[in-house]
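Order-wise, the sequence lines are chains A and B.
1 is the number of the first residue of the first sequence in the working numbering; add one for each residue after it.
1 is the number of the first residue of the second sequence in the working numbering; add one for each residue after it.
No lab work stands behind these hints: they were computed from the structure.
Accuracy of the hints is not assured; some may be wrong.
You can't tell identical chains apart in this list, so a pair holds if it fits in one copy or across any two.
Lysine-lysine pairs mimicking DSBU-like chemistry, simulated, CA-CA at most 35 Å apart [stated by the list, open to error]: (1) K370 to K222; (2) K26 to K85; (3) K100 to K171; (4) K19 to K408; (5) K370 to K294; (6) K294 to K104; (7) K245 to K19; (8) K171 to K85; (9) K490 to K452; (10) K104 to K452; (11) K408 to K311.
There are 2 protein chains.
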Amino acid sequence: MFKDATSTEIENIMQNAWKAFHLYRKFSLTQRADFMRTIAIELDSCGDALIQTAMAETNLPEARLRGERARTIFQLNSYAEACEKGSWLNACIDTAIPDKTPPKPDIRKMLVPLGPVVVFGASNFPFAYSTAGGDTACVFAAGCPVILKAHPAHAQTSNLVATAILLAADKCQMPKGIFTHVYGASFEVGKNLVSHPYTKAVAFTGSYLGGTQLFDWGNQRKEPIPVFAEMGSINPIFLLPEKLKSAANEIAMMCAGSITMGVGQFCTNPGLIIGIEGDALQTFIHDLGKAIQKIEPSSMLHNGIVNAYKKNKDNALLQEDVHLVAESETMVLENQGLPTIATASGQTFLNNPVLHQEVFGPYSIVIRCKDMKEMIEVAESLEGQLSATFMATENEVKDNTELVETVKNICGRFILNNVPTGVEVCLSMHHGGPFPATTDNRFSSVGADGIKRFARPIAFQNWSNNLLPDELKNENTFGIWRTVNNEFTKDPI
Amino acid sequence: MFKDATSTEIENIMQNAWKAFHLYRKFSLTQRADFMRTIAIELDSCGDALIQTAMAETNLPEARLRGERARTIFQLNSYAEACEKGSWLNACIDTAIPDKTPPKPDIRKMLVPLGPVVVFGASNFPFAYSTAGGDTACVFAAGCPVILKAHPAHAQTSNLVATAILLAADKCQMPKGIFTHVYGASFEVGKNLVSHPYTKAVAFTGSYLGGTQLFDWGNQRKEPIPVFAEMGSINPIFLLPEKLKSAANEIAMMCAGSITMGVGQFCTNPGLIIGIEGDALQTFIHDLGKAIQKIEPSSMLHNGIVNAYKKNKDNALLQEDVHLVAESETMVLENQGLPTIATASGQTFLNNPVLHQEVFGPYSIVIRCKDMKEMIEVAESLEGQLSATFMATENEVKDNTELVETVKNICGRFILNNVPTGVEVCLSMHHGGPFPATTDNRFSSVGADGIKRFARPIAFQNWSNNLLPDELKNENTFGIWRTVNNEFTKDPI
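Chain A extracted, bound-state conformation (with noise of 0.2 Å):
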């Protein structure tokens, strides 16, 4: 029912982006977090209308449909409270001191937007890194308007979505253009959107082949434009043996749970667990391998993930010298995610880079290394990760530290004793890691620094006071954190 954008389409779409954006950048920062707010409250009047199209196209469960719901008005509700403080336009001023030689000028920066962003829905997030989700928040906040390529999977679920946005956006009388849903199963529509001149920059999370593509083609643009992927990883989570010989099972249950969650589907989803050879491991394994069992399979996103899920487990089973622990013990339907757990030796995974790529879904492989020196080589060999975890005491935190830096340099995350999945959102976090985890990890795409994706610094210099933005102004009327010659303040010059 969902046709895709035809060239023209897009050509229209994007010149009203752009007349939008050169309007919409005006707006003050209080009327940008209104407009993130009446988003807010939209889609909380979607009721259960929209639950009942997401979980009939998602196969996503009720429960987890409202709690996704409800974190996605969180972030428009918080991410506005933080837009309209202010604080991430890194507003600096550096005041004239006209006696020095040469003369010092009166110079005043701050953040502002970059222009129209085109944002991609993520499949395993429907609401909170689809359509109104994250992303979309950031790049308003930013003040720049948003071309939403609604994912396939859910195109129905995103249509309710972009309705409620375009309500709100009606309600706020935000300029036409502000926000476009466009439809597109084919390459061609994306190729199209990220290389046309007036798309500034661009925001997706999901696969790594699409991630790179999308990263390829803003790089090859006449004017590049920074494309921010979150291409998802395997997650390592460290089992150090003081810790998990006092803990194997309670440590084996978290981690069943962690990998099961949402059917797997979540890009923090601890795809590889590495221990040391010895009791505490052969318990552990033993432990979390019954727990595997008893985890009944759920229905995965859509077929496509189902099949790339039996494909890429299937073939990371028949390397050699990887053997199944254990599978879930209840029968698996067509649609569904088996819980599969599988183990191999420390050489075993480092002779082989099958083993260090991503099987989404509720798969995860135990690493079995023979001492310290091998673990420490296992987390040299692996690529830029989300996320990595220790289970450990403290004194083998303070034991370890060339585990520990070697880990640390891999990461965008890092968590002790909890597990990767559940990524809280708040300024602190950190939604990013080396490259392939995303294609730029100096920003986050969690958190209302992710705001600062979409922004770019420009510098006033000797403009006079009346003329200058007022963020700017000596007067400081919204009471934002400036740094005023060099020292953070909040009072007026």
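Starting from the known structure of chain A, arrange chain B on it as the hints suggest.
Below, chain B without anything else, positioned relative to chain A:
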């Protein structure tokens, strides 16, 4: 006398830099700052010998080189101060809320260094943007080793500065490999350095061709890396009629000085002046021409730059409907750049892309628009710029919002009644701009915010206080500014 580094040498250099990185990134902010200050002292201790060598290699006058060394020392010291202060770390803490559902873990975020950085020396700043220049200072502050590719046009100068850095490294007991000086006149050396897997970022100031080549190499790697290339621009000056009427001669004198300063060899040199037809513009053009005639030509940096200047200037003057206004009256020598002013109509400029290109040297073209509408069209036609300047009264800024907003959208620094040359080194400076001015306009290459180019965030989840980096511990021993539960504070927790 200097030989290109071989690929075996580069492999060794990168291995050493990688080892040095793992040691240096654990050094405290104070240790990094002390190292930078020691480099500043050693640079000063090089005394007259360094100035003499630079004069012989670059043709730059003594006063300029003494001034530039002083600026370089100031950069090292002021970035050291910023490094130590730690605001750039963007330290951010959300404390745990155990009774939230689900429980909110303790999360703390800060910037950590990227890894070894390849810095390319710039020919037009033998001190301030070369061996111990702004990029090198930022890289050391961020906690990364530097691999410095010397500019072949001042290899001897670069070598003396490198010796000073290595002496400082020795005095501060820095790890071997913290700084390496590499020679290479061939493309191959640059390509090998940028492509090496241990290289994690690149900094460059120079030509569009050089910068985009490095950018492409950086993106085509298996693991793409950020390439910060500052590639210059034509830095338009807009003359608004009321202001021009009241001060045509004064503005002409300012422009003549800015166009010919340092023989026009600054990336912020104003190569484009845009006015509206009328008596005031005629007076301005006349007075600017007279002033240029009186300015004596000076030697340019090297043959490559002189030849490119002659070729590009002659080519610009040969374009249809472009007219020569004035040249310096003094005979020009082989290695000198002849100060030159041309003029063309708004339509001529709009129709000819050649006139939009940078002519690196003491050349500028005055565009005569028929009205404000055409001036806006000219502004809209411009590519990204490091700076843009308005010569305007307050009323003219207020009354011409379309022009103001158009210009704001294409530049990194917006100047009012001042000249673009002379880039103040301070935190509020933004030296960057939309592509093609730079390859990443979200970061500045002047001012201590440039440190952030070489760092990425990491979040620590659920770590106990005594295991955290000092900057994130409750105590806040260093007294750095941090965001704690969404509020800026220096207080301990």
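Quick rundown of the hints versus the structure:
{"no.": "1", "hint": "K370 to K222", "verdict": "between (52 Å within a copy, 30 Å between copies)"}
{"no.": "2", "hint": "K26 to K85", "verdict": "both (17 Å within a copy, 34 Å between copies)"}
{"no.": "3", "hint": "K100 to K171", "verdict": "between (52 Å within a copy, 34 Å between copies)"}
{"no.": "4", "hint": "K19 to K408", "verdict": "between (44 Å within a copy, 15 Å between copies)"}
{"no.": "5", "hint": "K370 to K294", "verdict": "within (30 Å within a copy, 80 Å between copies)"}
{"no.": "6", "hint": "K294 to K104", "verdict": "between (71 Å within a copy, 28 Å between copies)"}
{"no.": "7", "hint": "K245 to K19", "verdict": "between (63 Å within a copy, 34 Å between copies)"}
{"no.": "8", "hint": "K171 to K85", "verdict": "within (23 Å within a copy, 46 Å between copies)"}
{"no.": "9", "hint": "K490 to K452", "verdict": "both (21 Å within a copy, 23 Å between copies)"}
{"no.": "10", "hint": "K104 to K452", "verdict": "both (29 Å within a copy, 24 Å between copies)"}
{"no.": "11", "hint": "K408 to K311", "verdict": "within (32 Å within a copy, 52 Å between copies)"}
Every hint, counting from the list given before, is met by this structure.
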